[in-house]
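Protein chains in written order, with our numbering: chain X, 1 to 596; chain S, 597 to 766.
Only true hints are included.
With a cut-off of at most 20 Å between alpha-carbon atoms, the simulated EDC-like pairs for lysine to aspartate or glutamate come out as follows:
1) X:206 / S:664
2) X:191 / S:615
3) X:145 / S:615
4) X:191 / S:617
Some, not all, of what chain S presents toward chain X, calculated at C-beta under 10 Å:
5) 618
6) 623
7) 630
8) 648
9) 664
10) 670
11) 673
12) 674
Among the chain S residues that face chain X by a calculated CB cut under 8 Å, a handful are:
13) 615
14) 622
15) 626
16) 661
17) 665
18) 668
19) 669
20) 675
21) 677
Hints were generated in silico from the structure; no laboratory data involved.
Where is the CB? At the ideal position from N, CA and C, for every residue including glycine.
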Amino acid sequence: MTTQTTAEAETKTKPLTGAEILVRALVDQGVDTIFGYPGGAVLPIYDALFHEPKLRHVLVRHEQGATHAAEGYARSTGKPGVVLVTSGPGATNAITGIVDALMDSIPLVVITGQVATHLIGSDAFQEADTVGITRSCTKHNYLVKNVNDLARVVHEAFHIATSGRPGPVVIDIPKDVQFMPGPYIGPEEAKPLHTYNPRTKGDPTKIAEAIALLATAKRPVFYTGGGIINAGPAASQALRDLAHMVGAPVTSTLMGLGAFPAADDQWLGMLGMHGSFEANHVMHDCDVMVCLGARFDDRITGRLDAFSPGSKKIHVDIDPSSINKNVRVDIGIVGDAGSIITDMIAAWNEGGYKKPDLADWWAQIETWRARNGFAYRKDPNVIKPQYAIERLYELTKDRKTYISTEVGQHQMWAAQFYRFEEPNRWMTSGGLGTMGYGLPAAVGAQMAHPDALVIDIAGEASVQMTMQEFSTAVQFNLPIKIFIINNEWMGMVRQWQQLLHGERYSHSYSESLPDFVKLAEALGGVGIRATTPDELDAKIMEMIDSPRPVLFDCRVAKEENCFPMIPSGKAHNEMLLGDDGTDLDSAIDDEGKMLV
Amino acid sequence: MPPRVNEAIEKRTFAVLVDNEPGVLARVVGLFSARGYNIESLTVAETDTANHASRITIVTSGTPLILEQIRAQLDRMVSIRTVQDVSSDPLGIERELSLIKVRGTGEQRAEALRLADIFRAKVIDTTHESFVFELTGASSKIDKFLGLMEPLGLVEMSRTGVLSLTRGID
Ligand SMILES: Cc1ncc(C[n+]2csc(CCOP(=O)(O)OP(=O)(O)O)c2C)c(N)n1
Ligand SMILES: [Mg+2]
Numbered sequence: 001m002t003t004q005t006t007a008e009a010e011t012k013t014k015p016l017t018g019a020e021i022l023v024r025a026l027v028d029q030g031v032d033t034i035f036g037y038p039g040g041a042v043l044p045i046y047d048a049l050f051h052e053p054k055l056r057h058v059l060v061r062h063e064q065g066a067t068h069a070a071e072g073y074a075r076s077t078g079k080p081g082v083v084l085v086t087s088g089p090g091a092t093n094a095i096t097g098i099v100d101a102l103m104d105s106i107p108l109v110v111i112t113g114q115v116a117t118h119l120i121g122s123d124a125f126q127e128a129d130t131v132g133i134t135r136s137c138t139k140h141n142y143l144v145k146n147v148n149d150l151a152r153v154v155h156e157a158f159h160i161a162t163s164g165r166p167g168p169v170v171i172d173i174p175k176d177v178q179f180m181p182g183p184y185i186g187p188e189e190a191k192p193l194h195t196y197n198p199r200t201k202g203d204p205t206k207i208a209e210a211i212a213l214l215a216t217a218k219r220p221v222f223y224t225g226g227g228i229i230n231a232g233p234a235a236s237q238a239l240r241d242l243a244h245m246v247g248a249p250v251t252s253t254l255m256g257l258g259a260f261p262a263a264d265d266q267w268l269g270m271l272g273m274h275g276s277f278e279a280n281h282v283m284h285d286c287d288v289m290v291c292l293g294a295r296f297d298d299r300i301t302g303r304l305d306a307f308s309p310g311s312k313k314i315h316v317d318i319d320p321s322s323i324n325k326n327v328r329v330d331i332g333i334v335g336d337a338g339s340i341i342t343d344m345i346a347a348w349n350e351g352g353y354k355k356p357d358l359a360d361w362w363a364q365i366e367t368w369r370a371r372n373g374f375a376y377r378k379d380p381n382v383i384k385p386q387y388a389i390e391r392l393y394e395l396t397k398d399r400k401t402y403i404s405t406e407v408g409q410h411q412m413w414a415a416q417f418y419r420f421e422e423p424n425r426w427m428t429s430g431g432l433g434t435m436g437y438g439l440p441a442a443v444g445a446q447m448a449h450p451d452a453l454v455i456d457i458a459g460e461a462s463v464q465m466t467m468q469e470f471s472t473a474v475q476f477n478l479p480i481k482i483f484i485i486n487n488e489w490m491g492m493v494r495q496w497q498q499l500l501h502g503e504r505y506s507h508s509y510s511e512s513l514p515d516f517v518k519l520a521e522a523l524g525g526v527g528i529r530a531t532t533p534d535e536l537d538a539k540i541m542e543m544i545d546s547p548r549p550v551l552f553d554c555r556v557a558k559e560e561n562c563f564p565m566i567p568s569g570k571a572h573n574e575m576l577l578g579d580d581g582t583d584l585d586s587a588i589d590d591e592g593k594m595l596v
Numbered sequence: 597m598p599p600r601v602n603e604a605i606e607k608r609t610f611a612v613l614v615d616n617e618p619g620v621l622a623r624v625v626g627l628f629s630a631r632g633y634n635i636e637s638l639t640v641a642e643t644d645t646a647n648h649a650s651r652i653t654i655v656t657s658g659t660p661l662i663l664e665q666i667r668a669q670l671d672r673m674v675s676i677r678t679v680q681d682v683s684s685d686p687l688g689i690e691r692e693l694s695l696i697k698v699r700g701t702g703e704q705r706a707e708a709l710r711l712a713d714i715f716r717a718k719v720i721d722t723t724h725e726s727f728v729f730e731l732t733g734a735s736s737k738i739d740k741f742l743g744l745m746e747p748l749g750l751v752e753m754s755r756t757g758v759l760s761l762t763r764g765i766d
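The task is simple: from the sequences and hints, build the whole structure.
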């Protein structure tokens, strides 16, 4: 990883300052892009950046935007995202994105400035206890009080952020340490401070057991998650091979979309609260469930004691604490999903297992598919939100497209109606459900893939949370497309108020909306509005063809609900469907109302 | 999955070897508070200066599933080197130190001293009407002794919490 630079030769003669050590370490870690915002406590670092052409710095408009942009960069490249912010408010503004990255296992290295060491604890100007505040929302964090530790810490931070279950790492650097001269050591020489070597290879005995169980299954399913994406493209390929070998259906969490191609016959679509009818029924009725890199989150399981009652469960996860956390499994295998899937394939071949006869199972699955749980009523005069996403998909599917989303109904419809064939093309806030994630995430993805078509499928409420990053896109000539499914409601909130709170729509109407077209123009981008189904395709094409950032105000039906829906506290086979006329008010019992 | 409510609560002692660095105790304690785990006692001190290692002994309780989680959650922390389940280890030893002040005169005072002798508690301070005893042993033994001192004029006590080690050569 070490790159030979002229700076390297100079180091031997002239000691670097802490700020220069940091910048040098970033370059040696292969970083090319930093998302940041300056301030008093990071000025020496900004000074060092001034002299380093290898690092592109993207000036965001709010530090939360920097963290989500870094997440978008990381998710779309598989490389860690890097953030640089100042002390105090810079660091606190970054917290939402740090928690988001922790929940979704996204590798980030977040560098925060801190007041000088002798001022720490004195309530100095812009002092915040950053390591204290971020202790519970990082995978690990550091306060570097001695410049001699700095290079080691930075290299170790990258190792920790990217290995095992990835996550955010914060490095808090006091301003005096940034000025102090100190030694530089490269990634190879740096002796780690901690012995952090998570297990990647799965236990062969358990893998053999798992394969033996899978080979006898009559109704198997692969339930996959973001862990496959994190394990790299080879893991997605291995998943495809394993699935084809066994012939079992494949479903995925929100975070895992793209690991298995949507075009494949074995694909069931996403599972969970707003998952496909067939995926949820398969989960409920299967006899062997193979969970690969997912974590039995409550959005997936629904009611726990009714979750897939008749199945034996195999769980592959890099994080031992994910195994048996929510659901007791029969075989837990700790390690990297890619490595374990490859070993499973080898074990299958060595065991001489043959592709089982799953004809009955598939016949059953076809009846669920035929129910077409995503069906919605089209309207010739009004754009249905589902229709908007279907059209967006049809008109963009043959391009190199990256999709991010905000949070709400539009996010679920995007997961249902946009189809992904490859990993790393889909960026969404799953665990934390952060409104405002999508626009900056698109900025990050577009920085990493300048020639790709990057679209944020947004809601009109969410997008206003980090709207200002549109300016960042304008500044850096990033032609991101913000496709706003504008239903004039916090639609997901409205849907819950309808189902759980007697249609009392308390503070969920998007009042005083800006004119998004004028807003786009004011910010230096392009604004487009579509209001009827007939004009939609042409307007979408206009958006795609624009070389500039676009805000697309897609006016859709206002009160559409997102189905299927597993109501809180219900089991997978108790889904509500859009067109089955269920009395929605009575669908959720009192116990369910307590859940989120 | 069996309903968790019916699972019995068990007590468990974990010996946790950590990197001795600022904030490491806060990390461990923060994990317990963030996830709603119990801490019944906790001790910490540097035990290996050359290797920058400290040892934390935590007594906690929960259902078997929760205890398994606690262990896994500890295990994955970057600052934690090893986690040992001392209570399920047949070679595990657990001891606690306590200081106990008892106030009384006459026959009560004599009885306190007799019982202290039976428990092999040491007298480390005395006045005409009080003792401070030092007692080391399993927590249950200390509980027992405290129970006996209660009617004899127990005033105050201080306990270290459990320390642990395994028997044998390694
Ligand atoms: C930062 C944040 N605040 C609040 C919420 C709760 N929440 C979830 S969805 C939603 C409404 C989103 O509305 P919009 O962006 O218009 O999307 P829609 O559901 O209408 O598609 C809200 C308020 C959240 N997820 N994130
Ligand atoms: Mg909306």
